[in-house]
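Line order of the protein sequences matches chains A and B. For the first sequence, position 86 matches number 86 in this note's numbering, and the numbering has no gaps at all. Offset between the second sequence (1-based) and this note's numbering: plus 1000.
Bear in mind the hints are in silico, worked out from the structure with no lab data behind them. Please read these numbers as outputs of a predicted model, since none were measured by experiment. For every residue, glycine included, the Cβ atom is placed at its ideal position computed from N, Cα and C. Watch out, some of these pointers could steer you wrong.
List time: in silico DSBU-like cross-link candidates among lysine-lysine, alpha-carbon distance up to 30 angstroms [stated by the list, open to error]:
1. A:169 <-> B:1048
2. B:1079 <-> A:79
3. B:1033 <-> A:79
4. A:143 <-> B:1224
5. A:31 <-> B:1048
6. A:48 <-> B:1174
7. A:79 <-> B:1031
8. A:33 <-> B:1029
9. B:1029 <-> A:143
10. B:1023 <-> A:79
11. B:1213 <-> B:1094
Anything over 12 angstroms on all C-beta distances counts as not near chain A; from chain B, calculated [as the list claims (entries may be wrong)]:
12. 1029
13. 1057
14. 1059
15. 1060
16. 1069
17. 1078
18. 1222
Restraint-style ranges between C-beta atoms, simulated for each label pair [as the list claims (entries may be wrong)]:
19. A:144 <-> B:1211: 45 to 51 angstroms
20. B:1053 <-> A:213: 47 to 53 angstroms
21. A:103 <-> B:1121: 31 to 37 angstroms
22. A:214 <-> B:1097: 53 to 59 angstroms
23. B:1048 <-> A:48: 18 to 24 angstroms
24. A:90 <-> B:1183: 55 to 61 angstroms
25. B:1053 <-> A:172: 36 to 42 angstroms
26. B:1089 <-> A:179: 42 to 48 angstroms
Next come the chains, spelled out residue by residue.
2 protein chains.
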Amino acid sequence: MSFIRNILNSRSQGDGNFFLQLKDILGFKPKAKSFYIKAFTHRSMNLKDELGNAINYERLEFVGDAMLSSVIAAYLFDKVPHGDEGYLTKMRSKVVSREHLNKLGQELNLIDLVQSRIPTSNFGDNIHGNLFEALVGAIYLDKGYNTCEKFIFKRVINPHVDIEMLEGKVISYKSLLIEWCQKEKNTFNYEVYEDTGNDELKHFSVKLSINDKVVSKARATSKKKAEEKASKRAFFAFQNQISKLQ
Amino acid sequence: MSFIRNILNSRSQGDGNFFLQLKDILGFKPKAKSFYIKAFTHRSMNLKDELGNAINYERLEFVGDAMLSSVIAAYLFDKVPHGDEGYLTKMRSKVVSREHLNKLGQELNLIDLVQSRIPTSNFGDNIHGNLFEALVGAIYLDKGYNTCEKFIFKRVINPHVDIEMLEGKVISYKSLLIEWCQKEKNTFNYEVYEDTGNDELKHFSVKLSINDKVVSKARATSKKKAEEKASKRAFFAFQNQISKLQ
């Protein structure tokens, strides 16, 4: 334990912001800090505990991957009552695809927190997803299943999982909305502007007006995403009217 | 809901023992009974809910499989600190192998609880494991992760998961014990007798004596298993002495 404490201290001194940044990402204060230290330690650091076991995030990925699979399995079981086992498995693999996990890790800028002897610019894309899985593993081991489930809802399911989209029923809410406007002879306008706010990353904001009245707003890291998000919000607001279209 | 209630009633009338038998297997009283009804309904029953969705255990297998994976992942992470991600994955697949899940389902006689239009004798071996997975899924949905974890510890990990065995370090406790006895010039004797007790299945009991003193007892469904179990118990009792052997 004193060994872990030493790493923890060196980490805290070397990077005073680590636990502050982490708290922002997690939405709660980490308790068993050593799990999070591990979750952001790359194997190139060559750290070992007193028994000679490697300290890095790779084993935590195994736990995080399992927790993501479970939480998403239970969610899909509930939300897709018509899907059989094979269909649910396919839907889940879309949600936890390597590409999607990489995006999730990238969005949270997890790579900024990594301790590594190799410059992070040398890593491929997969490190983002691996760090995301390891973080989920650390949350489970620190706080248990329920907190881990909440985190997965907050960071994966609520912002990114759209059952209609996953089922391929809706490819784009924007096209659906435009189709409806044209049919109903409504005018529409997407007003897009750059809106970086307090973020380091460039963001775009969109105001969507129908018949010259603003009906929804959204903000995202690309114009396309912001328009899609605003369209989706409008779609759900007008759902009853739009569903008659289909 | 009234539909589910109807199935539930028909089940309860047709098979008054169902929930009693289930309570024995679970170790607690089921609350949301409809999940367990589903977990023991074969697709040949052709049941559908009011929305036309199939009622059978297949979707529950998806949830149960995920929960088994998670609980066992967290367990192995803790118990095998030297194993990397790949090693842990391999160990887990031994625990949740089709063959092992089939044995677990068979041990609990889950097939006796199934409602099916096809005679259960026509099913292959996999139905045992499928029912076990579905039952785990039902427990999760009824009672949440912690109860589900407890059930997996009680029925899978505690009686069947032996890290030393999984790692291939110990192939047989019986041979280890005999080796030790021979080296230490101790006499040993396995006294085996049939002991069916209240079970329908044939069982065997073993008394293991070393130097004419009974050191352990065990009971299992085969002679070999009972001897192995008794040897393991003796092994852990004599661990300090035996470890000098190795």
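Hints versus structure:
no. : hint                                 : in the structure
1   : A:169 <-> B:1048                     : holds, 23 angstroms
2   : B:1079 <-> A:79                      : violated, 35 angstroms
3   : B:1033 <-> A:79                      : holds, 20 angstroms
4   : A:143 <-> B:1224                     : violated, 42 angstroms
5   : A:31 <-> B:1048                      : violated, 47 angstroms
6   : A:48 <-> B:1174                      : violated, 36 angstroms
7   : A:79 <-> B:1031                      : holds, 21 angstroms
8   : A:33 <-> B:1029                      : violated, 38 angstroms
9   : B:1029 <-> A:143                     : holds, 27 angstroms
10  : B:1023 <-> A:79                      : holds, 29 angstroms
11  : B:1213 <-> B:1094                    : violated, 36 angstroms
12  : 1029                                 : holds, 22 angstroms
13  : 1057                                 : violated, 10 angstroms
14  : 1059                                 : violated, 6 angstroms
15  : 1060                                 : violated, 8 angstroms
16  : 1069                                 : violated, 5 angstroms
17  : 1078                                 : violated, 8 angstroms
18  : 1222                                 : holds, 33 angstroms
19  : A:144 <-> B:1211: 45 to 51 angstroms : holds, 48 angstroms
20  : B:1053 <-> A:213: 47 to 53 angstroms : violated, 40 angstroms
21  : A:103 <-> B:1121: 31 to 37 angstroms : violated, 50 angstroms
22  : A:214 <-> B:1097: 53 to 59 angstroms : holds, 58 angstroms
23  : B:1048 <-> A:48: 18 to 24 angstroms  : violated, 57 angstroms
24  : A:90 <-> B:1183: 55 to 61 angstroms  : holds, 57 angstroms
25  : B:1053 <-> A:172: 36 to 42 angstroms : violated, 28 angstroms
26  : B:1089 <-> A:179: 42 to 48 angstroms : holds, 46 angstroms
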